[in-house]
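S.K.: Produce the entire structure from the sequences given, and follow the hints as far as they go.
The primary structure of each chain is shown beneath.
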Amino acid sequence: MDSNLLDLFFWQTVLWATGLSVVRILVSYLICLFAGIVVAIWLASSAKAERIAVPIFDLVQNIPPLAFYPIAILVFMKANLIEGSAIFVLVTVMLWPLLFGLIGAAKQIPLDIKYAARIFGAKGSKYIRYVILPAVFPAVVTSSIVSWGIGWNLLVVAEWIRYGQTDIRLQGVGGLLNEATASGTVDVVLFTTAVVMILVVVSLLHVFIWRPLLRKSENYKFD
Amino acid sequence: MDTIVEVKNLTKKYFFTSPTVLKNVSLDVVEGEFLCFVGPSGCGKSTLIRLISGLEKPTSGQVYYKKKIVKGINPEISMVFQSFALLPWLTIKENVEFGAKMSGGIDWAEQHWVRGSLFTVGLNKVSDMYPRELSGGMRQRVGIARALVRDPKVLILDEPFSQLDLITAGELRSEALEIWQSRNLTVIMVSHLIEEAVQLADRIVIMDAGEIKKIVSMNLRRPRHKGGKEFLEVVGEIEKIMGLKDEDQ
Numbered sequence: 001m002d003s004n005l006l007d008l009f010f011w012q013t014v015l016w017a018t019g020l021s022v023v024r025i026l027v028s029y030l031i032c033l034f035a036g037i038v039v040a041i042w043l044a045s046s047a048k049a050e051r052i053a054v055p056i057f058d059l060v061q062n063i064p065p066l067a068f069y070p071i072a073i074l075v076f077m078k079a080n081l082i083e084g085s086a087i088f089v090l091v092t093v094m095l096w097p098l099l100f101g102l103i104g105a106a107k108q109i110p111l112d113i114k115y116a117a118r119i120f121g122a123k124g125s126k127y128i129r130y131v132i133l134p135a136v137f138p139a140v141v142t143s144s145i146v147s148w149g150i151g152w153n154l155l156v157v158a159e160w161i162r163y164g165q166t167d168i169r170l171q172g173v174g175g176l177l178n179e180a181t182a183s184g185t186v187d188v189v190l191f192t193t194a195v196v197m198i199l200v201v202v203s204l205l206h207v208f209i210w211r212p213l214l215r216k217s218e219n220y221k222f223d
Numbered sequence: 001m002d003t004i005v006e007v008k009n010l011t012k013k014y015f016f017t018s019p020t021v022l023k024n025v026s027l028d029v030v031e032g033e034f035l036c037f038v039g040p041s042g043c044g045k046s047t048l049i050r051l052i053s054g055l056e057k058p059t060s061g062q063v064y065y066k067k068k069i070v071k072g073i074n075p076e077i078s079m080v081f082q083s084f085a086l087l088p089w090l091t092i093k094e095n096v097e098f099g100a101k102m103s104g105g106i107d108w109a110e111q112h113w114v115r116g117s118l119f120t121v122g123l124n125k126v127s128d129m130y131p132r133e134l135s136g137g138m139r140q141r142v143g144i145a146r147a148l149v150r151d152p153k154v155l156i157l158d159e160p161f162s163q164l165d166l167i168t169a170g171e172l173r174s175e176a177l178e179i180w181q182s183r184n185l186t187v188i189m190v191s192h193l194i195e196e197a198v199q200l201a202d203r204i205v206i207m208d209a210g211e212i213k214k215i216v217s218m219n220l221r222r223p224r225h226k227g228g229k230e231f232l233e234v235v236g237e238i239e240k241i242m243g244l245k246d247e248d249q
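Protein chains in written order, with full-length UniProt numbering: chain A, 1 to 223; chain B, 1 to 249.
Please keep in mind that the hints were generated in silico from the structure rather than gathered at the bench.
Just so it is clear, CB atoms sit at the ideal spot from N, CA and C, and this is done for glycine as well.
All clues stand as given, with none of them false.
Label pairs and their calculated CB-CB ranges:
1) B:T59 <-> A:F208: 51 to 57 Å
2) B:Q62 <-> A:A47: 22 to 28 Å
3) A:I209 <-> B:E195: 51 to 57 Å
4) B:E76 <-> A:F34: 38 to 44 Å
5) A:F208 <-> B:Y64: 56 to 62 Å
M.R.: Spelled out as structure tokens, the structure:
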């Protein structure tokens, strides 16, 4: 690709790549969010499960995610799912802040709140919907910000897959950063554009998503 | 009057290795009375009310409500909490409606009850505000309104005024007495203040180390004034039973 700022095709490629990266991180994030909420609800409802599961999660999170990478590539390539391996790598790193943030928040729901909810008839799915989910909402917001940050950090690795002797470069802003430095010399225009695109997306997310959610989450905090 | 709550040989231990919180406690609560548990921290009074309300299960023994074994939450028993326990993301009105919402939905009769309960505790003008926008006293009024919406037969108060300033606590005590009398409720309260118990209760259950030390029946006429001679004598008697005062003092 010609790195020319005046070339329309260059901008089309960069914007398309950025969009794909955002979708990739978003899909990984939604998987992590779902897993985090399910596990937090499970652990919040069972002290025994919490005592067993939390040390195991702590152990697993310390295994470097890249150690999973060759196995993941093998599995996903054999299934002809290139995107799957990228999302797998992202999930292995984006999951932990959400998981531990949500577990911590579920554990910190005051005992009197839990008792009041039960006394006034909240149980089962209603207890989850009307008590646990709103109670962990502030932690969802702060953990999500950290999770997305880690996702952007790992994008370069996730979008450049080496399978045997073959390099498979996924289209994405991480892939562009790889491409900008792949030949041994730095394509300054491409590199800078890719970094600026990441900064623009991160800023937009902050202004239009995270900041309003952070403000809203103030209403959900216990004294 | 009939017995409404019966506690029989109740023992509670949280884990096999942990100390026994309640040791073979037996007690009858009479319908319409104002009963108050007093005792030092860790004496088991809060555990006892959680067992009565069905929030926890006994290790041995039983709690009976109207002659039936308590096996879980009972809609005829409501509770007011020391920390108010309001949901911060709900408005005052939504907090008060919470119980009705959990049990299916809010029909016009329940809306009437919600309005009535808010009016009873003087909160009808702030029903769209959030708990954080209210003072401690106002928040506890919301807690009381939420408990009253269920039209309970038994109202459990778990140290409801201990986080309030003296003046507000005094006001709310008077309001609690009015509500108890006007609604023909049975009230079971936990307190660590002897004067509060003497001011409000028909009977005071003195607890220590997981056991009932003594039950004192109040013969003082209402309204009870804290500075009165008889009032102070009763306070002194309870202090002696609790070991806070020497016998010869």
